Every structure is written in C-alpha cells, then in structure tokens.
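Single-letter residue listing:
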Amino acid sequence: MDLKGKKITVHDMCLRDGMHPKQHQISVDEMVTVAKAMDAAGIPLIEVTHGDGLGGASVNYGFPANSDEEYLSAVCGAVKNSKVSALLLPGIGTVDHLKMAVDCGIGTIRVATHCTEADVSEQHLTMAAKYDKLDVVGFLMMAHMIEPEALLEQLQLMESYGANCVYITDSAGYMLPDDVTARVALAREKLNPNTEIGFHGHHNLGMGIANSLAAVEAGATRIDGSLAGLGAGAGNTPLEVFLAVCDRMGVETGVDLFKAMDVAEDLIVPMMDDIVRVDRDSLTLGWAGVYSSFLLFAKRAAKKYNLSARDILVELGRRRTVGGQEDMIEDLALDMAKERDKIGA
Amino acid sequence: MSNKIKAAIIGPGNIGTDLLMKAMRSDVIEPVWMVGVVPDSPGLARAQEMGLKTTAEGVDGMLSTMREDGVQICFDATSAYVHAENSRKVNEQGAVMIDLTPAAIGPFCVPPVNLSNAVAERKMNVNMVTCGGQATIPLVAAVSRVQSVSYAEIVATVSSKSAGPGTRKNIDEFTRTTSRGIESVGGAEKGKAIIIINPAEPPLIMRDTVHCLTVDEPDQDAIRQSIDDMIAEVQKYVPGYTLKNGPVFDGKRVSIYMEVEGLGDFLPKYAGNLDIMTAAGLRTAEMYAEEILAGNFVPSAA
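In the order they appear, the protein sequences are chains U and P. Quick note, the first sequence lines up with residues 1 to 345 if you use the numbering used here. Quick note, the second sequence lines up with residues 346 to 647 if you use the numbering used here.
One or more of the hints may lead you astray.
What the hints assert, rightly or not - When the alpha-carbon atoms are kept at most 27 angstroms apart in a straight line, the in silico BS3-like pairs for lysine-lysine are as follows:
1. Lys304(U) x Lys589(P)
2. Lys338(U) x Lys589(P)
3. Lys99(U) x Lys589(P)
4. Lys99(U) x Lys597(P)
5. Lys535(P) x Lys434(P)
6. Lys299(U) x Lys597(P)
None of these hints come from the bench; they were simulated from the model. The structure displayed is predicted, hence computed values, not measured ones.
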C-alpha cells in the first residue's frame, strides 16, 4: 500500500466517544487539561459532547457530570490552534442545541443519523450550512448495515443538504478493510470532488488501524481516532498508534507523534475506569455488528438480571437494533430472564 | 334527527384514509367530506367510492356547502404549515377542528388524560400532540397522578416505513412538542422526548419506553395499579397497546416498556404510532359528538 505524501486531518474522539466508557462523567477540568495537551501536540480537531451528542443528557443514555454548554465553552476557550467539534443526533438533539454549540465557539458540527435515515438531518445540516465558516459534516452511523450503493445515496442526500464533508461510520466496529474500501471508493468516485470523505472506526475486531488505512487509500481525508483508544466498545481507532503508522508510511498528519503518545499515556490512560480493550464483550459487538455504546448497558443488565452480556449483545445484533436504542437492552434482558425462569421452572 | 354528527376529513393520505375507515364504524360520527388538493389522488377516489363528497380544491372547495351539509367536526391530517388557515376557515363555519398535525395552535389533547377538559371548555381547536405523545403521555400521567414526577423521558422507536416525509423534515418538532406535552398533560415537572427510526425488515412494531423520576420513593403498588388502569383506558381505542415489561423500579426511577400495535385498518399493523393518532383523533371527535347529541354543546364561530 503506497500512501506516501497523502495529507489527512485526524479528529480525536476522547472527549465525546470517550464519554461512553466514562459514563459521561469526565469533568470540565479534565477536558480542558486534555484539550490543551492535544492542542500542543498539534491535533487539529477535537470533539467535545455528551457521548450521544448534544442533548444526550438523559435517563436513557446517562446524565453527564456537566452540561454540553459548560464543556464546550470551557474547551473552546482553552485551545489555541485546535478546532472543536460537536456531535448532534437528530431525534435526540435539536437545532437549538446546534445554535448553542456555535455560540460556544465550535468550528465543526457533525450531524449523525442511522445509515438509512439521512433525510432526518436535512433540518440541521441546512441550518448549519448557513453559518459562515462552520465546517458542516454529515455522519452516517452503522454503515456496515447497507451496501455501498445504498450508502452512497444517503451520503449524497447529506451532501445536498449542505455538508462539506461526509463520514462513513463503523459504529459497531464490524467492518473489514475491503468493506471500507468498497464504501469509500464508491463515495469518492461519485460525490462532488470538493466534498471531503471521513472514516470513523471502532477497534472491536482490532481493525481500527487497518480500516483507517484502507479508507485513506480509497480517498478519505479525515480519520477519527482517540488517543489510547478512549471510546465506546473496544474504543476508537487508537490515534497514537495510527499516527505512528502514518509516520512510517509517509502520510502527513501534522501531529507531533511523541507528544500525542505522551497525552495518551500520561493523561488518557489514567482517566480510564476500566482499561478500554478488546475483551469478550467488546469483541462480541464487532462480531455481531452491534452499536458500540451498548457495551456498558449490556454489562449492567447482565449483572442485574444474572444473564450473559454476550448473549444480550448477540440478540441485539440479531434484532438489527440501531444507535440510540439503549432502552431495548433492559427490556430485552427482562424478556431473556423471563424465558430462562420459565425453562428453569 | 340523525343520531350521528357529520364530519369532514382534510387530507386524504395514509392518516386521513385510516381515520376514515375507523370513523365509518363509529356510532356517533358520520364522515361526509374528504378534502384533498390533488385531483387524481387515490385517497379521494377511495373516499368517493365510500360515498363521501370530495374536493381537490382544499378546504375552500368544501366551505360554501359545509354548513348545509351539517359538518360540525373537522379533522386536519395535512401538515403544520397549512393547519392554521384550515382551522380558521372551518371554525368560521361553526365546526370544531381536531388537529392531527404538529401545528399545536389549540390545547393538547390526550384522550384518557384530559379529553374531558377540552370538551368541557368547549374548545374549537384541539391538537393531538404527536404519535409518541399519544403513546406515552398517558403513562406519565399514570405515574404523576400517584405522586410528583420531577422528570419524565420517553423514547419512541418507530419503523422507518411509518415515519413520513413530514416527520422527517421537521424531526425537532416531534421532540419539542412531545416534551411540552409530557409536562403540560403528563404532569411531569420537566419532560424530554427522544425518537429513534429503525429500518429493520420486517418493520418493527412501535416501541415506547417511559422513564419517570419521582420526587419521593415510588409507591410501587399504587403506581402498578395506576398504570394497569391507564393501559385499560387506552386499550378501549387502541387494543394493541401492550405493556411489555415493567414497571421497573430502581431507586426513584420508574421505567415502563410498551409496544403499540395498530388495528391495521388502512395502515399496516406495525405502524402503531400512526394508528394511535387516528384512533385518538376519532375518540376525541366522538366525545365532542356525544356532547353535541346530548344538547350540551353547540359548536359555533367564535
């Protein structure tokens, strides 16, 4: 694979996707410390939001330690060169949240929908595109669930609403490099040449680096990752590892590798409640194609109802659940417990 | 004197047609007009076959004769954008407007919770909130009538096929309107609504989760009883309104897991979200009709 001379933008997810393994309890001080260190390392884009995006504060997804507004205004005020992004899932957050985030000083808004439902983002992308200089990104989640041609149609919808960059998002960490290549290459061929393409990976099958490289080779210029992999499931593509590989391959990221390694080791790892890694349950997410943030919910339900988290996750995959359906998990666990007790009786 | 009150349905789409099929079975409502804007729409043709007068000229096409045709109740199943105008016009002709759009210019109406208030106050326009609101607000109210609820949150999961273009273009309206309904009708101090659209095939039946946070420790027995009673009330007009799991009590959290299967009149059974809107709209109309028939209420232009 020859990627020499390619220029890409890396986007760190620790302070948004990383909110999932932290149960949304990262403090404002921690966010500011991490963001300043990332800024100093030259990481160009940092995402800061509740794990489930703006307005995610809820019983269903978890109440965060602080509000999106508190996090965003603190981090936007602390960084010099890095830009801050926020995530918004229509159906959870609204354009009111978007306006608030813009007022806090974000440079990028990412509007995310399930891969077949891009049209629910029209309202938000259209409004975002009216702001001068706002980087407007469409983000199609669980992109493994449909074929490249169908995915392209949805990406084109987001492009038509005003997104200047569209993402192929492997929320379940299910894709293999060929899956990524097929989707990114078709998008690169058919989308407007000025529209950037991004890839967001999860490391549930250990494919974060390989998938991100496949994406770059096929034409993606934005790659999401998180330092030390702090993200849902087995984490995002571990960013410092990806940066080291890029360095070896001659891909230009503009990030200081050693500084990035230091942030990962000295700041992010000590923040982890449990080490984010490929374990039995996060591996199950990738194998079964399940939304990565379901992990802790399945573990908790398994413990409460004396079930196996793996069984719960496999069943969630079989039912083709989508991002945001966290409420299904306790409901399903109750059904599974009833079934077990019936057999036991 | 006829023992049925005559009604017009504005909007011959899926919702309007499903409503028509339900209304044809009503003991107190007689649909006489179907109003559309597209001359060759299949909805208008169907209504005509069923013996209704039809027009493709919008509400204006019915206005000149609606009084002599005896129309006293109208349903609006079009869109929020044209609702206010439609409502003004039919109100001037002395008909009550039941609003199935998200326009929400009239007070919210969730039949088992506050329908009798709307009728008692002789409101000439009532709004049916949202599909998620109709499916969940009764349960928020079931908890809040037992004890104070500081926060209630609902998650409505609907199949992709049952989420129409109107909902998709303005999904924020769903979350905002439903949140307001959770507070003003459900009785929670603060409300939040989340909607998830799932494209699985075969389409999933509408699912709704209701989480309430009570101010004091929940009185489990009283809440269980109140929920059972409320579900029985909703089942009178939506038989497929089913408690799947719960209530789960976890500290001050009360969680209720529901499934809403439609009757399958015109809309498919999985689209319980749409069915509960048409059924609630008709239920509202019937209550008005009973009051009119009993001589307690004469709808008139304000």
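Cross-check of the supplied hints:
The straight-line distance between the Cα atoms of lysine 304(U) and lysine 589(P) is roughly 18 angstroms, inside the 27 angstroms bound, and the hint therefore holds. For the hint linking lysine 338(U) to lysine 589(P), the alpha-carbon distance of about 12 angstroms falls within 27 angstroms, and the restraint holds. For the given pair, lysine 99(U) sits about 38 angstroms from lysine 589(P) by alpha-carbon distance, which is inconsistent with the 27 angstroms threshold. A C-alpha spacing of about 33 angstroms is found between lysine 99(U) and lysine 597(P), which places the hinted pair above 27 angstroms, so the restraint is violated.
At roughly 35 angstroms between alpha-carbon atoms, lysine 535(P) and lysine 434(P) are farther apart than 27 angstroms, so this suggested pair is violated. Simply put, lysine 299(U) and lysine 597(P) have alpha-carbon atoms about 22 angstroms apart, close enough for the 27 angstroms limit, and the pair holds.
Hint check: violations occur at hints 3, 4, 5; the rest are consistent with the structure.
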